[in-house]
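Chains as they are written, first to last, in the working numbering: chain A, 1 to 240; chain B, 1 to 104.
Don't read these hints as lab results, they were simulated from the structure.
Even glycine gets a Cβ: it sits at the ideal position worked out from N, Cα and C.
Do not rely on the hints blindly, as some may be mistaken.
[As the list claims (entries may be wrong)] For each label pair, taking beta carbons as the anchor points, the in silico distance ranges come out as:
| # | chain 1 | residue 1 | chain 2 | residue 2 | range |
| --- | --- | --- | --- | --- | --- |
| 1 | B | A17 | A | F122 | 46 to 56 Å |
| 2 | A | P149 | B | Y59 | 28 to 38 Å |
| 3 | A | A212 | B | T39 | 19 to 29 Å |
| 4 | B | L37 | A | F122 | 22 to 32 Å |
| 5 | B | T60 | A | P154 | 11 to 21 Å |
| 6 | B | L19 | A | P104 | 43 to 53 Å |
| 7 | B | I14 | A | R146 | 51 to 61 Å |
| 8 | B | K100 | A | F43 | 31 to 41 Å |
| 9 | B | R89 | A | P154 | 17 to 27 Å |
| 10 | A | M185 | B | D66 | 25 to 35 Å |
[Stated by the list, open to error] Not the full set, but computed from the structure, chain B residues with beta-carbon under 10 Å of chain A:
| # | residue |
| --- | --- |
| 11 | G50 |
| 12 | G54 |
| 13 | I57 |
| 14 | G79 |
| 15 | C81 |
Spelled out, the chains give:
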Amino acid sequence: MSNPMEQFEIKKIIPIEVGGYDIGFTNSSLCMVLAATLVVSIFAFCLRKRTLVPGVAQNIPESIYEFIYKIVLDNVGKDGLKYFSFIFTLSLFIASGNVLGLFPYSFTFTSHLAAVGALSIFALLFNMAVGIKKKKWGYLRTFMPRGIPWPLAPLIIPIETISLLSKPFSLTVRLVANMTVGHIMLKIIAGFVAALGLLGVVPLFFDGCIIAFELFIAVLQAYIYTILSCIYLSDALHYH
Amino acid sequence: MKVPEDIKALDEKIAKAKLSKQQQEGEDNKHSDFSHLATGLRLGVELASGTIVGAAIGYTLDEMFDFKYIMLLIFTIFGGCAGMLNAYRYIKSINNTEEKQGRE
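Make a model of the complete structure from these sequences and hints.
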């Protein structure tokens, strides 16, 4: 049985080095480009004939759009709609990355802490920028909520800071753990198919079921990521 | 009094619709079991991530200023507190939404 962790190995396709930093184009980067291209081309293809009464093809992007629009409206409110395009892009990128990873010979870039972590940190910085733009100096109240006596500041400020910084971490860990565990499970069970010979039909059947379940998890995790980013954005806009 | 046929048919239709609604509600309850599991899992991640981020900050401060693991100790405790705070806020937000739904 081959190593189930092998599928997460990053392989360089085009080695590039700038000023001692390795910025090579890897299989992970290729999958990110593929995921982005896939979403854009599906949307462009489905929306090529735009009519007032949508046809079957036009209905797909429109229902996705409305679904995420409703999430933003419910969780952030009307003033959050300004940032809808950011949330929309983020969730589609993650969803397509998750689903793309399920295809044989592809690579799940959402199973890497570095990739998802960078996205989450970017989302956190974006939320902070939005909060600072809206509340100016008042944003500092996030670290020292109203109604707390000043002598408690040395305790509350570090706790609130860690609480803010742990949000992208928990967001990342949840997605990465789900993706990694699913793919490892698939690979281990697939290993039994070859090892058991004729009886391998049983693990093959299980693998089929798990693939369907993983597809569900891939979309669900993207949905959870979207909802949580919306909640964090709402915190930055409205909290305190 | 004799009940007309079409009214009888309507009665049957209503009874059927009621039954399917009850079944639907039963399925919704099953969904809520899953959402309890999701709540529990999220709370666990929330608690752990606070502690880990706190410990990481403490370790970095130790490395930068050579505090001999004092910062690691202090910030791990702060991190645990932050994790609990996040978990508490999450539970509070769930309660608020449930209350809102109850009122509606």
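Comparing the hints with the structure gives:
no., hint, in the structure
1, B:A17 <-> A:F122: 46 to 56 Å, "49 Å, holds"
2, A:P149 <-> B:Y59: 28 to 38 Å, "31 Å, holds"
3, A:A212 <-> B:T39: 19 to 29 Å, "25 Å, holds"
4, B:L37 <-> A:F122: 22 to 32 Å, "30 Å, holds"
5, B:T60 <-> A:P154: 11 to 21 Å, "19 Å, holds"
6, B:L19 <-> A:P104: 43 to 53 Å, "45 Å, holds"
7, B:I14 <-> A:R146: 51 to 61 Å, "54 Å, holds"
8, B:K100 <-> A:F43: 31 to 41 Å, "35 Å, holds"
9, B:R89 <-> A:P154: 17 to 27 Å, "21 Å, holds"
10, A:M185 <-> B:D66: 25 to 35 Å, "44 Å, violated"
11, G50, "5 Å, holds"
12, G54, "5 Å, holds"
13, I57, "7 Å, holds"
14, G79, "5 Å, holds"
15, C81, "5 Å, holds"
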